[in-house]
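A.B. asks: Quick mapping for you: the protein sequence lines, in order, are chains A and B. Residues 1 to 244 in the working numbering are what the first sequence lists, from first letter to last. Residues 245 to 457 in the working numbering are what the second sequence lists, from first letter to last.
If you are wondering where the hints come from, they were derived from the structure by calculation, not from laboratory data. Since the structure is predicted, the reported quantities are computational estimates derived from the model, not experimental observations. We put the CB at the ideal spot given by N, CA and C, even for glycine. Misleading hints may appear alongside valid ones.
Some chain A residues close to chain B (C-beta under 10 Å, calculated; not the full set) [what the hints assert, rightly or not]: (1) 26; (2) 31; (3) 35; (4) 46; (5) 47; (6) 57; (7) 58; (8) 61; (9) 212; (10) 239.
Below, simulated BS3-like cross-link-like pairs (lysine-lysine); rule was C-alpha separation at most 27 Å, straight line [to be verified]: (11) 299(B) / 329(B); (12) 332(B) / 41(A); (13) 332(B) / 44(A); (14) 40(A) / 436(B); (15) 329(B) / 40(A); (16) 40(A) / 445(B); (17) 299(B) / 332(B); (18) 299(B) / 44(A); (19) 41(A) / 299(B); (20) 44(A) / 436(B); (21) 41(A) / 329(B).
Here are a few chain B residues that face chain A, going by a calculated C-beta distance under 8 Å [claimed, not checked]: (22) 354; (23) 393; (24) 426; (25) 446.
Now for the letters of each chain:
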Amino acid sequence: MTDERNTRQSSAETDPLVTRIYREGADESAPERLNRAILKKAEKAARPRYQRFNSWARPMAWAATAVLSVALVLEIRNAPTPESAIFDDSAGKFEMQETDSPANTPADQLEESVAPATPPGRTSKANTVVYPQAAKTGLTAKQAASKPEPEKRQRDDVQQNRVAEQELATPASSIGELKLKDTEMAVQGVAATSIEAPDCDESVTASPETWLECIANLEEAGLADKAGLQRERLHEAFPDFNLR
Amino acid sequence: MGMVANLQVMTAGHLVLPRRAVLAYAPRMDKAQEDSALMLRYRDGDVAAFELLYKRHNDALYRYLMRLCRHRDTAEDIFQDVWGKIIKARDTYRPTAKFTTFLYRVAHNCFIDHIRRNKRHTQTVDIEPDNQPDPGDLPEMQTERSLARRRLQAALQELPDEQRDVFLLREEAGLSLEQIAAVTGSNRETTKSRLRYAVNKLRTAIDEPVGTS
């Protein structure tokens with residue numbers, strides 16, 4: 001109804017002769033190449049998205065999987081062992097250091113390792129040395145050992161100064177008591193060390209030379225019993241080895 | 245029942261009848277509704293529906309653009325641009341208006357964009373006048389008609405852009421005054437006035453005595 005009214009109204013603005021003559025001359029049609037191009041475009045656009053993406057999605061997925069796998073393997077290989085985690089006192093957090101390079105190993109740590117180095121990735125309880133302060137704070141020996149050396153030396157100096165002052169201030173009889181206390185403390189330290197002293201593990205016992213070195217280290221550490229036991233075992237394992 | 249189905253197709257927006265149902269009701273639809281239904285079918289991935297829609301409108305749109313631009317290459321560029329936009333708009337297409345109105349609004353906007361980008365389009369006329377006589381007519385009539393067509397085409401090219409646009413939308417797209425007003429973004433009275441001026445000028449050009457053109 002509305003269309004009819006519109007047609008009636010608009011017919012007043014049109015001229016039949018003009019319309020007829022115009023339409024006689026209006027016989028052009030769109031070029032075939034344009035028709036083909038547009039229909040091709042329409043067909044391409046109507047394809048489902050998954051089909052459009054399917055051509056490159058599969059190789060992309062494979063490539064992504066491969067890259068992720070390689071990255072994961074590298075991450076696992078390069079991951080630091082728990083031994084290399086050291087406590088940064090100034091920052092108040094743990095830091096990871098490479099264990100392979102000796103330059104990164106603290107001097108105290110090198111001195112305290114009685115037994116030969118264990119292979120990376122293995123943690124040996126026997127290699128740990130008890131640190132009283134570390135025990136209080138819950139830190140491991142190596143974490144405690146990794147504390148800055150000047151600070152530690154400073155503390156030792158202060159402690160020695162205090163002892164010297166006490167010796168000067170106290171009478172001669174009590175100096176003996178102090179020395180006795182020091183001796184007791186030293187014995188306790190040795191005892192603590194003996195509890196946590198390193199043992200000769202499998203990597204060491206593989207070769208008689210390294211085993212013998214380990215025995216010598218035990219003897220130096222004052223663990224004669226353990227050294228003797230190890231020596232017997234060495235003799236059993238390598239009867240032809242010349243024990244000195 | 246057919247009406248109910250048509251209404252569902254027209255008003256539901258996202259809800260589209262299955263293809264078989266749309267085809268079953270197709271003979272009862274008028275052409276405008278059918279165009280919208282075809283576009284909706286194309287939106288759902290039916291390329292054949294788009295082909296049908298394209299074949300219905302491609303020639304008229306091409307003539308509209310060629311006479312509006314007066315330059316064949318420009319008209320072809322805009323023609324491709326228009327259909328490209330229609331294809332892109334299929335996902336967001338809503339049959340709120342007649343498809344022809346939608347199509348020619350896109351075309352009109354593309355033409356306006358072209359004018360803004362390229363001012364020189366008005367100075368170049370690159371369409372050859374039609375010199376082909378009708379084979380069935382007498383030689384005198386052929387000459388007379390041919391002359392009339394040439395005068396009309398010449399007069400059409402001389403019309404201002406707005407008047408030519410309105411005339412072409414009326415003749416090629418068959419739009420009503422309201423629809424033309426919607427396409428050109430003007431009100432109905434302005435559109436009516438432009439159309440009247442255009443028709444009068446063309447009629448005057450046709451009626452000119454031979455030898456004055």
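A.B. asks: Each hint should be assessed against the structure and marked as holding or not.
C.D. replies: Cross-check of the supplied hints:
The interface hint given for residue 26(A) holds, since its Cβ lies 5 Å from the closest Cβ of chain B, which is under the 10 Å cut-off. Taking 10 Å as the C-beta cut-off, the interface hint given for residue 31(A) holds, the closest approach to chain B being about 7 Å. Using the Cβ-Cβ criterion of 10 Å, the hint placing residue 35(A) at the interface with chain B is satisfied: the shortest such distance is roughly 6 Å. A cut of 10 Å between beta carbons decides the hint on residue 46(A): the least distance to chain B is about 5 Å, and the hint holds.
Residue-level restraint check for residue 47(A) holds (minimum Cβ-Cβ distance to chain B is 8 Å; threshold 10 Å). Because the smallest distance between the Cβ of residue 57(A) and any Cβ of chain B comes to about 19 Å, over 10 Å, the interface hint for this residue is violated. At about 22 Å, the closest approach between the beta carbon of residue 58(A) and any beta carbon in chain B exceeds 10 Å, and the interface hint on this residue is violated. With a cut of 10 Å, the hint placing residue 61(A) at the interface with chain B is violated, because the nearest CB-to-CB distance is about 25 Å.
Proximity of residue 212(A) to chain B is violated relative to the hint, the smallest CB-CB distance being about 82 Å (cut-off 10 Å). Violation of the interface hint for residue 239(A) is found here, the shortest Cβ-Cβ separation to chain B being roughly 86 Å, above the 10 Å cut-off. About 17 Å separates the Cα atoms of residue 299(B) and residue 329(B), which keeps this hinted pair within 27 Å; it holds. A threshold of 27 Å between alpha carbons decides the hint, and for residue 332(B) with residue 41(A) the separation of about 10 Å falls inside it, so the pair holds.
With a C-alpha separation of about 11 Å, the suggested pair residue 332(B) and residue 44(A) falls inside the 27 Å cut-off, and the hint holds. Taking the CA atoms of residue 40(A) and residue 436(B), the gap is near 39 Å; set against the 27 Å cutoff, the hint is violated. Of the supplied pair hints, the one linking residue 329(B) and residue 40(A) holds, its CA atoms being roughly 14 Å apart against a limit of 27 Å. A distance of roughly 41 Å separates the Cα atoms of residue 40(A) and residue 445(B); the hinted pair therefore is violated under the 27 Å criterion.
Annotation: proposed proximity of residue 299(B) to residue 332(B) holds, straight-line Cα distance about 18 Å (limit 27 Å). At roughly 18 Å between alpha-carbon atoms, residue 299(B) and residue 44(A) fall within 27 Å of each other, so this suggested pair holds. At most 27 Å may separate the alpha-carbon atoms for a hinted pair to count; residue 41(A) and residue 299(B) meet this at roughly 15 Å. Between the alpha carbons of residue 44(A) and residue 436(B) the distance comes to roughly 41 Å, so the proposed pair goes past 27 Å and is violated.
At roughly 11 Å between alpha-carbon atoms, residue 41(A) and residue 329(B) fall within 27 Å of each other, so this suggested pair holds. Annotation: interface hint on residue 354(B) violated; nearest CB of chain A at approximately 14 Å, more than 8 Å. Satisfaction of the interface hint for residue 393(B) is found here, the shortest Cβ-Cβ separation to chain A being roughly 4 Å, below the 8 Å cut-off. Because the smallest distance between the Cβ of residue 426(B) and any Cβ of chain A comes to about 12 Å, over 8 Å, the interface hint for this residue is violated.
Interface restraint check: residue 446(B) against chain A, minimum CB-CB distance 5 Å, threshold 8 Å, status holds.
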